[in-house]
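Peer 1: Top line first, the protein sequences correspond to chains A and B. Count along the first sequence from 1, add 408, and you get the number used in my numbering. Count along the second sequence from 1, add 40, and you get the number used in my numbering.
By construction, these hints were calculated from the structure, which means they are not laboratory data. Among the hints, a few may not be true.
Listed next, the stretches of chain B that the computed footprint assigns to chain A, with coverage defined by at least 3 CB atoms under 8 Å from CB atoms of chain A [said to hold, decoys possible]: (1) 130 to 138; (2) 157 to 169; (3) 179 to 189; (4) 390 to 398; (5) 504 to 511.
Beta carbons: idealized from backbone N, C-alpha and C, even for Gly.
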Amino acid sequence: MKRYTFRIKRFDPEKENFRWDEFSVDMEPMERVLDGLDRIKDYADGSLTFRRSCGHGICGSCAMKINGRNRLACQSLLRDIEGRGTARRAPTVVIEPLEAFPVIKDLVVDMEDFFEKNDLVLPYLINDEPPPERERLQSPSEQEMILESITCIMCGSCTSSCPIYWTDSQYLGPSSLLKAYRFIFDSRDRAEEERLEKVTGVHGLWRCHSIFNCVESCPKEIDITGHITELKRLALKNRFRS
Amino acid sequence: MTHQFDTVIIGSGLAGLRAALEAAGAGNVAVLSKLYPTRSHSTTAQGGIGAALGNEEPDKPEWHFYDTVKGSDFLGDQDAIEIMCGDAIRAIIELEHMGVPFSRTPEGRIAQRYFGGHTKDFGTAPVRRACYSADRTGHAIVFTLYEQCQLKGVKFFPELFVLDIVIENNRCHGVIVLEISTGEIHIFSSKVTLIASGGYGRVFKTTSNAYVSTGDCLSILYNRGIPLEDMEFFQFHPTGLYGLGILITEGARGEGGILINGKGDRFMERYAPTIKDLAPRDMVCRAILTEIREGRGIDGKDYIYLDLRHVPKKTIKERLPEITTFCKTYMGIDPSEQPIPVIPTAHYAMGGIPTDIDGRVLMDEKGSVMQGLYSAGECACVSVHGANRLGCNSLLDTVVFGRKAGRAIKEEIGRDTAGKNKKEDIVGARHAVPLLERSKIMIDSILKCNGKERLANIRTELQDRMMEHCSVFRDEKNLKGLIESIRNLKERTKDIYLKDKTRKFNTELIDAIELNHMLNISEVIASSAIERKESRGAHYREDCPERDDTSWLKHTLAFKTDKEIEFRYKPVNITRFKPEERIY
């Protein structure tokens with residue numbers, strides 16, 4: 409057991425003010441940040457509010473800013489993220505809500521806009537050809553093209569970390585662009601042009617300046633900027649073709 | 041605020057989404073979820089979805105039917121199982137056409153792998169029947185169904201918590217919900233309500249289940265007079281990460297992984313000589329715990345190893361990437377270099393809300409139907425899984441019976457004339473008002489709680505006791521002690537303390553309500569387990585170790601009464617396969 413200080417940025421929706429609270433928690437270095445939040449909620453302050461569900465990095469509920477970087481609380485072990493302690497002071501875990509989304513309470517942010525942006529890129533397979541009796545064939549190499557993009561869990565870490573999104577709230581954001589990629593590059597989809605049109609507007613693809621914050625913050629280690637670059641390449645190619 | 045929809049669906053997991061997609065053809069559909077739709081617990085399903093596609097080797101729906109019946113220890117209803125296995129191929133092809141990114145064979149077909157209890161030729165050898173998307177199959181299907189629902193205009197209401205279900209005169213009129221972000225209470229009045237709210241593994245200490253799997257809607261329905269069926273059958277999954285309970289898919293053994301004890305023996309050879317490590321989960325769990333009890337755990341401790349070191353690195357990388365990450369993140373080990381320490385983890389509820397094959401909720405052992413109420417998925421009991429579910433049959437259950445419920449709902453809505461609908465809406469809303477008031481009073485009284493008990497202490501004690509006395513091995517004495525503990529814990533909830541007295545996003549309040557539901561459900565599980573004096577599937581009684589078909593080849597129905605729980609029974613539907621000794 410080791411003593412950690414959890415320094416948490418909190419928002420009180422009744423008083424509409426932010427404050428910082430500190431809690432000392434004895435934990436094993438192999439435990440998750442989420443375990444620490446649970447312990448604080450269970451034994452120190454029941455009003456501490458955060459989202460959580462699966463507890464192992466699949467549902468995407470518990471994305472938050474931990475020691476300055478967007479991560480999932482359930483996927484961050486104390487030993488991996490701990491701030492340096494000193495002889496007098498315990499290692500500190502600083503936790504804040506995801507940036508750029510309106511805060512509802514403590515670490516809970518409003519994700520409506522995030523999900524709505526996703527809806528703008530026609531996020532579903534479109535193919536009006538009559539389906540074969542059995543499965544549509546897709547070779548392993550064709551599937552390879554979308555393999556990384558389908559692992560997205562919509563946690564919001566990427567969009568929240570994107571400086572373009574900070575300054576342009578209408579920007580589609582890395583998550584939605586990744587979703588567009590997922591369908592455009594699916595060999596079974598037939599709506600490349602429609603979708604490209606959706607993502608090449610003023611607040612779309614071209615606003616991405618390849619800052620790579622999204623890549624750095626993605627808990628599934630998806631090369632989001634790389635995928636957006638592929639979309640840009642395709643959009644350019646199509647423009648010169650027409 | 042009152043909302044009116046033709047169909048209200050509780051739960052945005054696979055069953056709820058699949059039903060919504062089907063019902064969307066008639067009238068408007070609302071899907072209500074405790075979470076955002078893409079966060080439901082279905083996303084964590086890893087290994088696969090079963091169908092006798094025969095893409096990798098010859099297979100038949102009939103073999104799948106037999107395996108499922110035998111896997112259920114002959115408690116599954118064979119009419120329902122035949123429907124599920126017979127519809128499986130169509131269901132998978134349909135999912136593929138919707139866009140599910142299944143893993144592929146070199147020819148571009150849907151790839152399939154081995155899974156526990158799935159065999160060819162009525163049990164002679166394992167067969168590759170599980171269709172998968174690496175080890176993220178649930179995630180892949182949830183996203184696809186959610187996307188298709190958006191396309192069909194299904195309306196989603198995220199982060200609503202069900203407080204009550206409006207039942208009056210044998211008809212369901214909708215639900216009362218708490219809007220988590222604002223603390224406001226809403227009425228959702230509907231012609232048809234479908235409960236697809238998932239499982240309740242959180243009542244156990246070690247579980248693969250999400251925090252949200254607390255059985256709220258089952259508990260509410262039970263309180264409203266609906267019986268709960270076969271609650272004594274709760275599946276433990278053999279391979280949860282040691283200390284955490286995080287699931288390591290059966291697909292790991294499907295790809296060649298083996299279980300080894302402290303002596304380095306592949307012990308499953310002794311328990312299931314034909315299919316060994318691919319035996320059904322109930323048997324593997326008992327085998328693991330027997331090895332540990334007899335001192336053959338790793339270094340004499342309480343876990344064993346899942347060994348993938350001999351599996352080609354390429355296979356692990358391509359087909360088991362997610363569990364590889366779990367092992368690295370949480371245990372600091374690389375499964376292609378080191379064996380994985382595992383223990384059985386509470387995983388899946390075979391029991392639940394009794395339904396017919398179209399998802400209609402049944403009120404008694406005679407099969408009387410509750411009007412306007414449907415259920416599908418893990419919370420429901422059709423029953424296709426009987427006493428023990430086979431791996432990769434749960435996802436199949438959700439899409440087959442979710443669709444069937446959706447179709448029945450569509451028909452029911454379509455039959456209703458416009459005039460009658462309107463009248464019923466008003467009636468429904470009227471019935472809901474007293475319940476709305478009662479919910480308000482409940483919340484106010486919880487928020488006022490200023491006692492001495494911490495919620496977490498009660499919850500932890502419940503989970504510890506359930507794990508100790510109601511998991512893989514059970515006996516009457518311990519179960520009786522458990523029930524006493526549960527009743528004692530129920531008393532203690534009257535003296536809880538809540539720090540958060542506010543309305544907006546009060547998750548402490550939700551914790552408190554969930555705890556009541558968990559205690560309620562646990563009492564039904566333990567009581568049903570005491571009543572069934574035999575061992576069958578996942579329910580193993582050390583004081584009655586044999587299966588007893590003469591007395592117990594029947595489904596349990598637990599009814600709430602003012603005093604003790606009342607038990608009634610109904611026969612198992614046996615059409616094709618007569619009960620036989622279950623050897624693998």
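Peer 1: Can you confirm whether chain A covers the segment 157 to 169 of chain B, using C-beta to C-beta distances below 8 Å and requiring at least three such residues?
Peer 2: violated (count 0)
Peer 1: Taking a Cβ-to-Cβ distance below 8 Å as contact, does the segment 130 to 138 of chain B have at least three residues touching chain A?
Peer 2: That given contact holds, which follows from 5 residues of the segment 130 to 138 of chain B lying within Cβ reach (below 8 Å) of chain A.
Peer 1: If you look at each residue in the segment 390 to 398 of chain B, do at least three have a Cβ nearer than 8 Å to any Cβ of chain A?
Peer 2: violated (count 0)
Peer 1: Is the listed coverage of the segment 179 to 189 of chain B by chain A valid when you require three or more residues with a beta carbon under 8 Å from a beta carbon of that chain?
Peer 2: Contact hint for the segment 179 to 189 of chain B vs chain A: holds, 6 residues under 8 Å.
Peer 1: State whether the coverage of the segment 504 to 511 of chain B by chain A holds or is violated, taking the criterion as 3 or more residues with Cβ-Cβ distances under 8 Å.
Peer 2: violated (count 0)
Checked against the numbered hints above, the structure violates hints 2, 4, 5; every other hint is satisfied.
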